[in-house]
Each structure stands twice: as structure tokens, then as C-alpha cells.
Amino acid sequence: MSLRVLAVDDSLTMREMLRQTLSEAGFNVVLAEDGLDALDRLPEADPDLILTDLNMPRMDGFGLIDAVRKGEISARVPILVLTTESAATLKDKARSAGATGWITKPFDEKSLVSTIRRVTAM
Amino acid sequence: MVGFSDLKEIFFVEADELLSALESGLRAIQTGAEGGDTVNAVFRAVHSIKGGAGAFDLKALVGFAHRFETVLDDLRGGRLQPESALINALLHASDHLADMVGACRQGLETDAEADERVIVQLELQAGRLPGAEEEGFTFEPLPMDGPFSFGDLGVSTGQTFLIRFRPHASVYASGHDPALLLRDLCALGTAEVTLDMADLPQAGSFDPGQSYLGWSIALTTTSSADEVHKVFEFIDGACALEIELVDRESPPSDQSLFGASSQTTLAPSPGGSEKASLLPTPERPPLPPPAASRNLAAPSPAEVSPTAPGKGVAPASNNGPRPTIRVDIDRVDRLVDILGELVIHQAMLTEAIEQSPGFGSVEVDRSLDQLRQLSRQIQESVMAIRAQPVKPLFDRMHRIVREVSMAAGKSARLVTEGEATEVDKTIIERLADPLTHMIRNSVDHGLEVADKRISLGKPAEGEIRLSAAHRSGRIVITVQDDGAGIDREKVRQVAIDKGLISPLLELSPQEIDALLFLPGFSTASEVSNLSGRGVGMDVVRSEITGLGGRVGITSQRGQGTILTISLPLTLAVLDGMVFDVAGQTLVLPVSTIIETLRPDGSLRHSLGHSDSVLDVRGRCLPLIDVGTALGFRTSLSQGEGEIVVVVERGDEGAIALMVDGIRDQRQVVIKGLEANYGQIPGIAAATVLGDGSVALILDPNDLAAVANAIPRPPIQHAAE
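Protein chains in written order, with my numbering: chain A, 151 to 272; chain B, 4 to 723.
Here are the simulated DSSO-like cross-link-like pairs (lysine-lysine), alpha carbons at most 30 Å apart as the crow flies:
hint, chain 1, residue 1, chain 2, residue 2
1, B, 394, B, 428
2, B, 674, B, 428
3, B, 428, B, 11
4, A, 260, A, 243
5, A, 260, B, 62
6, B, 233, A, 260
7, B, 233, A, 220
8, B, 11, A, 260
9, B, 62, A, 243
10, B, 233, A, 243
11, B, 62, B, 233
Output of the computed footprint for chain B on chain A, the stretches with three or more beta carbons under 8 Å from beta carbons of chain B:
hint, segment
12, 156-169
13, 220-232
For the record, the hints were derived by calculation from the structure and aren't laboratory data.
Every residue, glycine too, gets a C-beta built ideally from N, C-alpha and C.
The whole structure should be built from the sequences, with the hints applied where relevant.
Below you can see the structure in the form of C-alpha cells.
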């Protein structure tokens with residue numbers, strides 16, 4: 151049973167990258183391009199993990215985390231945020247928003263996969 | 004599977020879109036037309052470029068984008084006001100970023116000095132200390148090696164940490180699973196874990212969504228303290244955690260360890276604590292916490308969902324945000340080629356059937372008609388694939404106007420109209436250079452400097468109006484400036500000075516304007532390296548004619564100049580009228596034809612010894628015999644040239660063409676001649692007819708010039 155990951159990023163490049171990296175790691179990937187899109191896909195994607203960018207149009211990562219945590223579906227799924235900043239303030243903000251962890255961009259394949267494994271039972 | 008180079012290409016394509024969004028966003032801010040999200044969108048564009056660039060290790064790009072983004076962040080946060088000087092610096096940085104992306108795309112190094120200069124300029128404008136970085140930013144990926152990759156498993160030497168760990172009750176709400184942390188911790192070395200269940204409530208008040216447990220762990224590991232802390236990196240803040248180095252060499256005894264733990268917050272309450280050794284034998288490699296301990300913990304979604312049956316892969320259709328595909332342009336081109344063949348063969352089939360005895364039956368007729376309609380629909384669909392709005396092309400011109408006006412010390416803005424007009428992709432691509440040159444010319448030569456404009460009662464800022472529109476089956480693009488207009492006396496003088504025309508030659512205003520398209524002509528008093536760049540308007544003209552288009556120029560002294568490009572919508576197929584002239588089969592684009600008539604001889608009037616005009620309902624049009632103009636014959640015999648086709652020539656008015664007979668109207672596939680024969684005056688292209696014969700497609704405008712009815716190559720004559 152492979153892990154289902156819902157990956158959310160407004161950048162096509164990042165999405166393709168995530169798709170490639172995660173598929174190669176043996177995960178099932180569903181892509182979404184912003185927070186609202188991710189919420190739309192959530193019921194069907196039924197992810198074991200959500201991986202989300204923070205800065206996105208329509209609904210950003212914080213909005214998505216908030217909506218997921220307050221929602222009925224997948225409310226307790228681990229959520230990792232993708233961020234280019236490693237600044238502590240951002241981590242705190244992500245954490246208090248309900249994120250499980252973070253991945254600093256640019257990431258390499260190994261760190262992405264190992265971080266995902268850290269927060270999931272895979 | 005998408006390869007790395009494909010990913011990189013996706014990045015560059017996306018970067019282009021982002022750059023375009025960045026620029027138009029900045030322009031919107033500049034003109035005060037921004038919506039609430041514009042600043043955010045602008046920030047995001049740079050941010051996304053930075054993110055992608057980082058993934059491909061484009062360090063210069065990342066550095067530049069980061070500093071750029073920092074300024075934008077200040078703007079976004081209201082710490083900076085969108086003053087015009089700042090916006091100009093931002094636009095400049097955006098242009099430079101585009102250049103850098105372009106360089107990276109070609110695998111070139113960017114000019115570090117120029118990069119630095121531009122960004123420092125921006126930072127100074129934004130009141131930042133050049134190069135100042137906020138703390139903690141790093142371009143390097145954070146090392147996040149998996150916990151499995153280190154730790155000498157099963158070896159009891161190393162350091163021993165005493166870890167007291169009690170997640171907050173709400174820890175599951177953030178997607179954490181303490182069991183996973185214990186697993187990772189155990190993977191670092193050997194661990195003795197004591198479970199604290201003191202807070203576990205009675206079954207009735209048990210909330211499976213809350214965490215009630217705490218653990219004490221004695222971890223003996225070769226890993227460093229940092230690595231141990233790293234395990235708790237994410238959960239830090241959502242738990243009570245103490246990590247203490249207790250022994251450097253050997254694992255502590257149970258007694259000492261749990262003696263210590265009893266004084267901590269994790270101290271077991273009497274009777275409520277239970278000691279469980281999860282990994283009792285140091286000789287065995289560590290295992291994930293046994294099921295028993297996990298069952299005590301409240302189930303987390305991460306544990307439950309992967310094992311739930313029936314949850315398959317999400318449908319493939321759900322895997323991409325938008326149902327678009329990227330197709331290699333060659334494939335579309337091949338489709339266009341095949342379509343051309345289809346149109347030809349459909350015409351052949353129609354012809355064959357029409358000449359067969361069975362023709363006349365309603366069914367055959369209807370089927371043929373349907374086939375014709377279908378092939379037309381296919382054609383339109385294929386053309387729609389190739390069609391693209393001119394907006395990206397027009398957007399690029401803003402930068403040209405900015406750069407040229409700055410370098411020329413003029414103030415100018417570009418107004419664009421009809422950006423949604425769609426044109427064949429090939430045409431758009433090949434239009435970029437000529438259009439750039441025309442815009443440069445308009446700013447550099449067309450507009451006056453601000454002082455002069457003010458003295459003339461014009462606004463200080465010059466306006467270049469770039470518009471696109473569909474007009475009678477062609478696309479018409481105009482570049483209009485509100486500058487000084489063409490100084491015809493000066494143009495004439497320059498042409499004489501350069502030996503291009505004879506000083507004795509009398510020229511009409513239109514003829515003088517046309518001089519600008521002469522090879523090697525330059526009106527600027529001193530040679531300007533802006534519009535110059537080794538390209539003259541003659542090159543613009545030949546590029547446009549190469550696309551089957553025309554360039555026209557009209558100008559009014561003191562009011563400005565309008566350059567007009569008229570282009571075919573597609574380079575592949577056109578609706579043609581097939582007719583005969585002197586035994587030749589020729590085709591005229593239907594879109595140019597106004598009417599056909601068989602005029603009375605009394606309506607023809609001679610002008611001079613060779614020219615003649617036709618009176619069409621009181622309007623005199625230049626009358627040209629196609630056969631004579633193309634050299635098929637020297638004079639008209641009986642029954643020849645009796646039919647007249649009136650065609651339009653854009654802004655230059657209609658002309659009347661004499662032909663011998665009209666055959667029919669049909670779609671023809673355009674086959675270029677230039678590759679084999681060069682450019683032939685009066686001929687736009689060729690096509691293959693239904694019977695397999697080749698017919699030439701006329702360019703009415705050029706034909707008029709060939710016939711010398713309008714003086715387009717007067718210049719050439721004079722020049723030679």
C-alpha cells in the first residue's frame with residue numbers, strides 16, 4: 151500500500167518536480183495548484199500526507215492548513231509546508247497554524263522523502 | 004516520466020509566464036490600476052522564480068530573485084510606498100530578471116556585475132542596505148538525512164541521552180504521531196522506553212483525539228545531540244521535552260535512569276505508571292514500537308488510513324490541475340501539412356465526381372458538401388490550436404518603450420489595444436523582431452522630447468498606441484505615435500544626399516513616405532544606436548512581406564505617424580477565387596475581393612499612354628490587366644480582360660484587375676515559393692488545384708505596384 155500524498159503548489163515547475171520525486175519514491179501523488187483546489191480534491195485524494203506551498207493565490211498554505219484542521223475530512227493528516235525561508239518566524243507561524251513540519255526549498259529528493267517518512271507511518 | 008531537462012524546460016516556460024505577470028502587475032501598480040491581489044501576485048511571481056531556480060541550482064538567479072523579493076515583500080507589507088521612482092526600479096529589476104532567466108535558459112552565466120548593479124539600485128531606491136539579508140536565509144537545502152542513515156544499530160557504545168517527552172493533549176490535531184518519533188528515536192541507537200500512563204482517563208471520558216501519554220527514553224547512540232534534537236524538530240512546541248546527556252560511555256542502569264525521571268514533570272503518579280521496556284535487548288536491532296504500545300496511544304489518522312482497504316490510486320484525470328497538454332509544435336505542423344493535402348484531395352475528388360456520369364444525384368452532392376464542411380471545420384480547429392493571442396508579444400513591447408525612451412531621454416508610454424486578437428503562432432514569433440524595430444523607431448524618431456512637446460501644447464509624455472484587430476480575413480496591427488510626423492522635406496533631402504533618388508524626381512507625399520522603407524535609409528540626423536542596430540525599415544518590410552503581409556505608413560505633420568502591418572490569419576490555407584488570365588490559372592484571396600463585374604467599355608478611361616482607370620459607379624479606380632502586369636501578354640485580344648475584379652488594398656483604396664474568366668471559389672492550400680524562387684513581385688504564393696495543376700496566388704497590393712499603377716518601386720527605379 152503506497153502512501154497517498156496531496157501536493158499543493160501554484161508553480162507548475164514545483165508540481166512537476168514533486169510529482170516526479172514522489173512517484174519515484176513510490177508514493178501516489180495528487181496535485182493541486184492552490185489551497186482551494188486542494189480542498190476540492192481532498193475527499194477524493196484522501197491523502198496520508200499533505201505537502202503544501204505557503205504563498206499561493208486564492209487560498210494560501212496557512213488558509214489550507216486551517217481549513218483542513220477545522221474540516222471534517224483528513225483533519226489530522228500530517229501536513230508539511232514547503233517554504234523557501236528557513237527563518238524561525240515562519241516555522242513558528244506554520245506550526246501554530248497546525249502544520250506538522252516543513253521542508254525547505256530547494257529540497258533534494260532524499261530530504262523530501264525522508265521528511266515525509268518522518269511524519270508518516272511509512 | 005518527466006526527465007530533468009523537461010522539468011527545467013517547464014521551469015523556463017513557467018518563468019516566462021511569471022515574468023510577464025510580474026511586469027504587467029508592476030505596470031498596473033504604476034498606473035494605479037492594481038487590484039487587491041496585484042502586489043501579492045507580483046511577489047509570488049518573483050518568489051516562484053526563486054523557488055524554481057533554487058531547484059536547478061541557478062545561484063545567481065536565486066540570489067537576485069531573493070533580494071528582489073525582499074523589496075517586494077516590503078511593498079506588500081506597506082513598509083514601502085509604490086512611488087514612481089521605486090516602480091521604475093522594480094520594472095528595471097524585472098527586465099533584468101527576464102534577461103537573467105534568458106541567459107540561464109541558454110546555459111550562460113549572467114553578468115554578475117550587472118546583476119549586482121541593478122539589484123543594488125533597487126535596494127537603494129527601497130531604502131535598504133544593499134545586500135542586507137534577513138537572518139537565517141540560506142540557499143542551501145537543509146540537511147534532512149533520514150534517521151535510518153546513521154546510528155550504529157545495536158551497538159551500545161556512544162552517548163546516552165535521557166529524554167523526557169510528553170506531547171500536548173492536542174498533538175494529534177497537527178498531524179503528529181508520537182509513535183513515529185519513538186520509532187525514529189529508536190532507530191538512532193538503543194533505547195529503553197518507559198511509558199507514563201498517569202494521565203490516562205477512565206474509559207468513559209477517553210477522547211481518542213487526545214494524547215494522554217508521556218515517555219521517558221534512555222537512548223544510547225553514536226548520534227550527536229543535534230541529531231537527537233532533530234527528531235523532535237517538528238513537534239517542538241507541541242510537547243514538553245527535555246533532552247539531557249547523562250553518560251558518555253555506557254548506558255545507565257535502570258535504577259539511575261528512572262530515579263532521575265521521577266523528579267521530572269513526567270513523574271508517574273502512584274499506581275498509575277507502568278514501566279515498559281520497548282527494546283529490552285540491546286543486541287537486537289531496534290524495531291518500531293510494538294503494537295501493544297501503539298494501541299495504547301490514541302489512533303492517529305496516519306496509522307489508520309494506510310491500512311484501510313479499498314483506497315486505490317486517485318484517478319489519473321485527477322492528477323493534474325488543468326486539462327491541458329503540451330504538444331510539440333512539430334506535431335501540430337505535421338497536422339497542418341496533412342490537412343493541406345486533405346484539402347487538395349478533397350478538391351480533386353470533387354472535381355472527379357463532378358465530371359463523372361453519376362454527378363447530379365442529390366446524395367452525392369450532399370455528401371460532397373458535408374465533406375467540404377467537415378474539412379473546413381478540421382481546418383478551423385487546427386488553426387485554433389496554432390492561434391495565440393498577441394498579448395505576450397504586445398507585453399514585450401512595454402519593455403522596448405521603457406528602454407528606448409529612457410535611452411533617448413524621452414518620456415513615453417505604450418497603450419495596447421486588441422491584445423486578445425489571435426494569430427497563428429508562427430506569425431506571432433516572426434512578428435517580434437519587426438514589431439520591436441517599429442516600436443523603437445516610433446519612440447526614437449517619432450516622438451519629440453518632452454520640452455518640445457510641451458511647447459507644442461502636447462502632453463509631455465508621448466504615446467505609442469499598439470493595436471491589433473481582425474479585418475476582412477487578415478490581422479491588422481498598427482503602431483501609432485503622437486509625435487512630429489514625417490518631415491517629408493528632410494526625408495527627400497536625405498534620399499537625395501544618399502544618392503537614392505534623383506533631385507529632379509517629383510515625388511508625392513506617399514512616395515516620400517515610402518522612401519523610409521528603402522534599404523540603408525536612416526532619417527535620424529545623427530545615427531542613433533537605438534533604432535539603428537543595423538536594421539532598417541527595409542528589413543521590417545521584407546520580414547513582413549515574407550509572412551505574406553504588407554506594411555504601410557501614413558503620417559501627418561505635427562500629429563504623428565501610423566505604421567500599419569496587415570497579415571494573413573494563417574499561413575496554411577485560404578479561401579481563393581480561381582480565375583483564368585492568358586491561359587494561366589491564378590488565385591486571388593477571396594478576402595480581398597470587393598466585387599466582380601463586366602464593365603461597359605465606355606467606363607474605361609485612359610490616362611497617359613499606358614495607364615487607365617475604371618469608373619465604378621462614379622469612383623475611378625486604377626485599372627490593371629493582370630496578364631500584362633505579370634508578363635503573360637503585351638496587349639489584350641478580343642474577349643480578354645473583359646471581366647474585372649475589384650480588390651481592396653488595405654488603406655490604399657481599391658484597384659480593378661482585368662481577368663479573362665472566373666472559374667470558381669474554393670479553399671486552397673498555400674505553398675510558399677520563396678524557398679525555391681525567392682520573392683516574386685505580384686505573387687504571394689502558389690497552390691495545387693484539384694486537377695493537380697499548380698496555380699499562383701496573387702498579392703493584389705503588390706500586383707498594383709508591379710503594374711506601376713501605384714508608385715511603390717518608383718524608388719527602386721530611381722535607386723538603380
